[in-house]
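Asker: Input sequences plus hints: build the corresponding full structure.
For the sequence shown, our numbering assigns the number 40 to the initial residue and increments by one for each residue that follows.
Note that these hints are calculated values from the structure, not bench results.
This structure is a prediction, so every number in the text was calculated from the model and none was measured.
Please note that a few of the clues may not be correct.
[Said to hold, decoys possible] The calculated DSS-like cross-link candidates involving lysine-lysine, where the alpha carbons are at most 27 Å apart (straight line), are:
id, residue 1, residue 2
1, K63, K80
2, K63, K76
3, K63, K79
[Stated by the list, open to error] DEER-style ranges, computed between Cβ atoms:
id, residue 1, residue 2, range
4, I43, K63, 22 to 32 Å
5, L53, S88, 38 to 48 Å
6, G41, R86, 35 to 45 Å
7, R86, A49, 35 to 45 Å
8, S88, V45, 41 to 51 Å
9, S74, A52, 18 to 28 Å
10, I55, F78, 19 to 29 Å
11, E84, L53, 38 to 48 Å
12, K79, F59, 18 to 28 Å
13, A56, S88, 33 to 43 Å
Idealized CB from N, CA, C, for every residue including glycine.
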Amino acid sequence: MGGISVWQLAIIALIIAILFGTRKLSTIGSDVGSSIKDFKKALSESRTSDHNLD
Numbered sequence: 040m041g042g043i044s045v046w047q048l049a050i051i052a053l054i055i056a057i058l059f060g061t062r063k064l065s066t067i068g069s070d071v072g073s074s075i076k077d078f079k080k081a082l083s084e085s086r087t088s089d090h091n092l093d
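Answerer: In structure tokens form, the structure reads like this:
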């Protein structure tokens with residue numbers, strides 16, 4: 040009790056797909072993916088510059 044089951048997640052995903060459409064979801068997914076990639080790259084560059092300061 041209190042947890043979210045797989046069926047509930049599937050229903051939520053289906054409702055989101057119906058509301059936004061699959062094309063919009065793929066665009067959002069690629070935007071989120073590129074944002075995460077850019078964040079990791081910036082974090083890596085920050086760590087590299089911190090090591091160069093030592």
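Asker: Please go over all the hints and tell whether each is borne out by the structure.
Answerer: Against the structure, the hints come out as follows:
1. Between K63 and K80 the alpha-carbon distance is near 26 Å, which keeps this suggested pair within the 27 Å criterion.
2. Between K63 and K76 the alpha-carbon distance is near 20 Å, which keeps this suggested pair within the 27 Å criterion.
3. Only pairs whose Cα atoms come within 27 Å are accepted, and K63 paired with K79 is accepted, the gap being roughly 24 Å.
4. Distance hint check: the CB atoms of I43 and K63 are about 24 Å apart, consistent with the given range 22 to 32 Å.
5. One distance hint, 38 to 48 Å for the beta-carbon pair L53 and S88, holds here, with the actual separation near 45 Å.
6. With their beta carbons about 39 Å apart, G41 and R86 fall inside the hinted range of 35 to 45 Å.
7. Separated by about 39 Å at the C-beta atoms, R86 and A49 satisfy the suggested range of 35 to 45 Å.
8. Distance hint check for S88 and V45: the Cβ-Cβ separation is about 44 Å, which falls inside the suggested range of 41 to 51 Å.
9. The hint said 18 to 28 Å for the Cβ distance between S74 and A52, and at roughly 21 Å that hint holds.
10. At roughly 24 Å, the beta carbons of I55 and F78 sit within the given window of 19 to 29 Å.
11. Distance hint check for E84 and L53: the Cβ-Cβ separation is about 40 Å, which falls inside the suggested range of 38 to 48 Å.
12. Between K79 and F59 the Cβ separation comes to about 26 Å, which falls inside the hinted range of 18 to 28 Å.
13. In this structure, A56 and S88 meet the distance hint of 33 to 43 Å, their C-beta atoms being roughly 42 Å apart.
This entry satisfies every hint, going by the numbered hints stated previously.
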